[in-house]
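Participant: Here is what each chain is made of, one letter per residue.
Number of protein chains: 2
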Amino acid sequence: MIATLKFTTLLLAVVVCRATQDYGYKDVEEPTLGDSQYGSLWPLPQKVQMSTVAFKLSGVSFQIVDAKESSSGASCSLLQNAYRRYDEYIFPISRMQGQNKKKAFASVSELQVWITSADSECDNYPSVTSDESYELSVDSPVAVLKAPKVWGALRGRGHGFYKSINRTEIQDFPRFTHRGLLLDSSRHFLPIKVILANLEAMAWNKFNVFHWHIVDDPSFPYMSRTFPQLSQQGAYHPYTHVYTPSDVKMIIEFARLRGIRVVSEFDTPGHTQSWGKGQKDLLTPCYSGASPSGSFGPVNPILNTTYDFMAMFFKEVSTVFPDAYIHLGGDEVDFSCWKSNPDIQKFMAQQGFGTDYSKLESFYIQRLLDIVTTTNKGYMIWQEVIDNGVKLKSNTVVHVWMGNKFEEELQKVTEAGFTTILSAPWYLDYISYGQDWQKYYKVEPLSFNGTDAQKKLVVGGEACLWGEYVDATNLTPRLWPRASAVGERLWSDKDVKDTNDAYSRLIQHRCRMVQRGIPAEPLFTGYCAHEYKGV
Amino acid sequence: MIATLKFTTLLLAVVVCRATQDYGYKDVEEPTLGDSQYGSLWPLPQKVQMSTVAFKLSGVSFQIVDAKESSSGASCSLLQNAYRRYDEYIFPISRMQGQNKKKAFASVSELQVWITSADSECDNYPSVTSDESYELSVDSPVAVLKAPKVWGALRGRGHGFYKSINRTEIQDFPRFTHRGLLLDSSRHFLPIKVILANLEAMAWNKFNVFHWHIVDDPSFPYMSRTFPQLSQQGAYHPYTHVYTPSDVKMIIEFARLRGIRVVSEFDTPGHTQSWGKGQKDLLTPCYSGASPSGSFGPVNPILNTTYDFMAMFFKEVSTVFPDAYIHLGGDEVDFSCWKSNPDIQKFMAQQGFGTDYSKLESFYIQRLLDIVTTTNKGYMIWQEVIDNGVKLKSNTVVHVWMGNKFEEELQKVTEAGFTTILSAPWYLDYISYGQDWQKYYKVEPLSFNGTDAQKKLVVGGEACLWGEYVDATNLTPRLWPRASAVGERLWSDKDVKDTNDAYSRLIQHRCRMVQRGIPAEPLFTGYCAHEYKGV
Numbered sequence: 001m002i003a004t005l006k007f008t009t010l011l012l013a014v015v016v017c018r019a020t021q022d023y024g025y026k027d028v029e030e031p032t033l034g035d036s037q038y039g040s041l042w043p044l045p046q047k048v049q050m051s052t053v054a055f056k057l058s059g060v061s062f063q064i065v066d067a068k069e070s071s072s073g074a075s076c077s078l079l080q081n082a083y084r085r086y087d088e089y090i091f092p093i094s095r096m097q098g099q100n101k102k103k104a105f106a107s108v109s110e111l112q113v114w115i116t117s118a119d120s121e122c123d124n125y126p127s128v129t130s131d132e133s134y135e136l137s138v139d140s141p142v143a144v145l146k147a148p149k150v151w152g153a154l155r156g157r158g159h160g161f162y163k164s165i166n167r168t169e170i171q172d173f174p175r176f177t178h179r180g181l182l183l184d185s186s187r188h189f190l191p192i193k194v195i196l197a198n199l200e201a202m203a204w205n206k207f208n209v210f211h212w213h214i215v216d217d218p219s220f221p222y223m224s225r226t227f228p229q230l231s232q233q234g235a236y237h238p239y240t241h242v243y244t245p246s247d248v249k250m251i252i253e254f255a256r257l258r259g260i261r262v263v264s265e266f267d268t269p270g271h272t273q274s275w276g277k278g279q280k281d282l283l284t285p286c287y288s289g290a291s292p293s294g295s296f297g298p299v300n301p302i303l304n305t306t307y308d309f310m311a312m313f314f315k316e317v318s319t320v321f322p323d324a325y326i327h328l329g330g331d332e333v334d335f336s337c338w339k340s341n342p343d344i345q346k347f348m349a350q351q352g353f354g355t356d357y358s359k360l361e362s363f364y365i366q367r368l369l370d371i372v373t374t375t376n377k378g379y380m381i382w383q384e385v386i387d388n389g390v391k392l393k394s395n396t397v398v399h400v401w402m403g404n405k406f407e408e409e410l411q412k413v414t415e416a417g418f419t420t421i422l423s424a425p426w427y428l429d430y431i432s433y434g435q436d437w438q439k440y441y442k443v444e445p446l447s448f449n450g451t452d453a454q455k456k457l458v459v460g461g462e463a464c465l466w467g468e469y470v471d472a473t474n475l476t477p478r479l480w481p482r483a484s485a486v487g488e489r490l491w492s493d494k495d496v497k498d499t500n501d502a503y504s505r506l507i508q509h510r511c512r513m514v515q516r517g518i519p520a521e522p523l524f525t526g527y528c529a530h531e532y533k534g535v
Numbered sequence: 001m002i003a004t005l006k007f008t009t010l011l012l013a014v015v016v017c018r019a020t021q022d023y024g025y026k027d028v029e030e031p032t033l034g035d036s037q038y039g040s041l042w043p044l045p046q047k048v049q050m051s052t053v054a055f056k057l058s059g060v061s062f063q064i065v066d067a068k069e070s071s072s073g074a075s076c077s078l079l080q081n082a083y084r085r086y087d088e089y090i091f092p093i094s095r096m097q098g099q100n101k102k103k104a105f106a107s108v109s110e111l112q113v114w115i116t117s118a119d120s121e122c123d124n125y126p127s128v129t130s131d132e133s134y135e136l137s138v139d140s141p142v143a144v145l146k147a148p149k150v151w152g153a154l155r156g157r158g159h160g161f162y163k164s165i166n167r168t169e170i171q172d173f174p175r176f177t178h179r180g181l182l183l184d185s186s187r188h189f190l191p192i193k194v195i196l197a198n199l200e201a202m203a204w205n206k207f208n209v210f211h212w213h214i215v216d217d218p219s220f221p222y223m224s225r226t227f228p229q230l231s232q233q234g235a236y237h238p239y240t241h242v243y244t245p246s247d248v249k250m251i252i253e254f255a256r257l258r259g260i261r262v263v264s265e266f267d268t269p270g271h272t273q274s275w276g277k278g279q280k281d282l283l284t285p286c287y288s289g290a291s292p293s294g295s296f297g298p299v300n301p302i303l304n305t306t307y308d309f310m311a312m313f314f315k316e317v318s319t320v321f322p323d324a325y326i327h328l329g330g331d332e333v334d335f336s337c338w339k340s341n342p343d344i345q346k347f348m349a350q351q352g353f354g355t356d357y358s359k360l361e362s363f364y365i366q367r368l369l370d371i372v373t374t375t376n377k378g379y380m381i382w383q384e385v386i387d388n389g390v391k392l393k394s395n396t397v398v399h400v401w402m403g404n405k406f407e408e409e410l411q412k413v414t415e416a417g418f419t420t421i422l423s424a425p426w427y428l429d430y431i432s433y434g435q436d437w438q439k440y441y442k443v444e445p446l447s448f449n450g451t452d453a454q455k456k457l458v459v460g461g462e463a464c465l466w467g468e469y470v471d472a473t474n475l476t477p478r479l480w481p482r483a484s485a486v487g488e489r490l491w492s493d494k495d496v497k498d499t500n501d502a503y504s505r506l507i508q509h510r511c512r513m514v515q516r517g518i519p520a521e522p523l524f525t526g527y528c529a530h531e532y533k534g535v
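Chains A and B are the protein sequences, given in the same order. FYI, the numbering for the first sequence is 1 to 535, going by the UniProt record's numbering. FYI, the numbering for the second sequence is 1 to 535, going by the UniProt record's numbering.
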């Protein structure tokens, strides 16, 4: 195998304590570094057979082509875009420098891409039911990538071809259909360039959902055509710190070309301080004694204008974001402001809610869900919504985030028959000294008690990078390759859990990301043949 | 003051728990954000009087000039280089866009730089005794920056002028003369570009020592003219991962132009695995029972060839690095290999060392110090050397790094009459969730028990960023603005310790660094007017 490794990293088992002082950091465990029989494959395919027979790629003449039998070809811009990207990854240098004549390998001159299903789905948006399976056969002189749909073709080419490659047979498909990453563009505005770069890195790690936590308390960067004052007043800056409709379109198309869904989150009734700046009477006025204090709480659930606004707003959102799901949030509603407001108190009495404000929360959410249902979208919600007993459509996706005892929550949610995704163990905004990727890697999402039917309801998970401490300056290196660990956990077979083998592959995978221009941070002491060129 | 702030950051005091789960992270304390009366000054000058009278800079016509009385001027390339840099910082946009006519401030059309001492030291290297004091007077139409030496002129201009500026009088000088930053180019190779960018950021934070931990166990990137095989064999790669003599020269000159010393560290006898690859017989062969095991330990202290090598090597180093000090390391010597080696055992017996291997270590260090003394350099050493009772020249600088009870160590070292610098509380390679800059900021280096004379021996400190987990991908955002906290602690008066005031200034200082192209990471939720443009 070692002859085919483009990236090598040297690790020394020397104890280096001056650099670790005496603060108990010494028990950071470094995995043992060996060579994986799977080279630099990440995430590991479901079935892979690698022979020791190595081929070289026919440098100047190598090409990616549509197989004759393929149902999709030159007219499919998704595939043609993908070919161009991968051609650049394969030959960043060799196209210019010509051939390395040293070793007389047999050669691979062509990769044929064969979409086998009559409908390639080339012009579709990816969805939770998209078929991402593929088969890759690398032989001389022709390698063949077969996939029922374009989505599988995208996943198959992710492995990358290098100047030399072993004879390989891969049959692959994802273990979970929802493999997401949450980025938060409210606590810090994330420039388009940063979002696009991370969508690219997501594709290399076979993620297929970008959960765009686009607005929240601190700022409202989403430019709404219906309510332009929301970002005019609620963004950090009305034109440098906003996402225009064309920005959003570009991000969605960039993601689609990589088989990535864009699930937008517009979280209510809490987490809405920034909404209130541009939309009068949307938030609840808090009271200090008998008079308004000047501050505001969650969305005001007792006014009809609130629901009129939500209906118009989510009608727009449902057309701007083509995905079949919208994330509606629903987490962390603070009741203190509601409690202080005499109009709310009166409403509570009228409705017979007593002093149980979770009933008021449910009242709001229920009406919101009814509104969103009219847009024909499905919805995702944070776990509190179900914990509070709101009535949900059967296709609702419940997002489990609370850190403690997530197994119990998964058990409860799936027992109630709901589809669920898991984020609790994958809060990547928490950082610590050392190799925390291992912690993320070791999570088994189906470790909870439940029937097979219940386990099938867990459709995947999401790594979350909340924005308190990240922006364009540090987001990308903080995310990669830590999120890669989650990527493999959600794609590969449940028995793929050898941390040492993963370490060897991940070091190479990380160097591959660096060479392609993503500043993925190092796992430990060592080097990449091609270091990051930025600052 | 607010009118003169170029950078603003919005902070909301909302509790955002979904992003912080329930892992006990909630007790991360956020300082209160107000406006500092000192605007964005960082580090805070010793004496500053700011009036509310604001001037604008005369955009197109504003210039930095040498005062007529100045002893240094157009022929001083150090100053001319500095003028050019600061001109670019002041007018990145306004030179192109013309004037903002809205407010009719009186204007400042000129900054006169006046070097008052007969010898400006323009062509010198900075040293531990360099005079960095300056006085800055901002008035209309002329601002004057007076400094005895060029070093003060560099520090004075660090504050930056913006499109508008208040009438200000500053008298300033550093509390400590040694304000260093350690970077480690052995565990990961740091491209030149990364080192230069961080030297620039150091200057903005009034750091004046780059402690270059250039080689260590994992790799030997220093290209030696006398022993080229050291990097040929010991670097991660013999030409992509090395510092050539011209690279080193460039770094030293780039640092000099910013008043920064480059103190190189060549750590022996431990931490030398990479040395052994290119220099036969330098390291001690370890034994397994009666025969060599094939692995090697610290430098072999019983061979004359070792000292011949060190004499030649440090003779070269002493000419390549102009600074008056070399850091000789001396930390963390592992005795197990020495103990295993029969030749070493025999030598121990001959010398009457018994089984006290620290005597052997001292024997080696003593001879090394004698060798380095012949090069007319002073030396710095890690604290173990003095702990082990090695006889040291009186001008030796002892570097305190051990995390526990650094106050006791400072007391001991200064009681013995040695100059010392502190790093123990400033290991910036340790990361944790939240605002750890406050922890670095709150350290008081002179909090130990000792006489005034002892306290004078503490000449400063260094922030250390060891390289296990950092390279070009993540070094810069991980370092800034966390190191800025150390920068202010070492420059400003001991009574400058209001964390809330510091927070307000640091947020703006961080945005200033971002605007100038350094990806300094955010302190908390918020934004900069000019976000980072990279990925």
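Any given hint could turn out to be false.
Any copy will do: because identical chains look the same in the list, a pair fits if it lies in one copy or spans two.
As the list claims (entries may be wrong) - Listed below are the simulated BS3-like cross-link pairs for lysine-lysine, each with C-alpha atoms no more than 27 Å apart in a straight line:
(1) K249 / K533
(2) K47 / K439
(3) K412 / K494
(4) K497 / K193
(5) K339 / K280
(6) K315 / K249
(7) K193 / K533
(8) K47 / K315
If you're looking for bench data, these hints aren't it; they were derived computationally from the structure. All figures in this text were calculated on a predicted structure; none of them were measured in a lab.
Participant: Any hints this thing doesn't respect? Which numbers, in order?
Facilitator: Going through the list in order, the structure violates hints 4 and 8 and respects the others.
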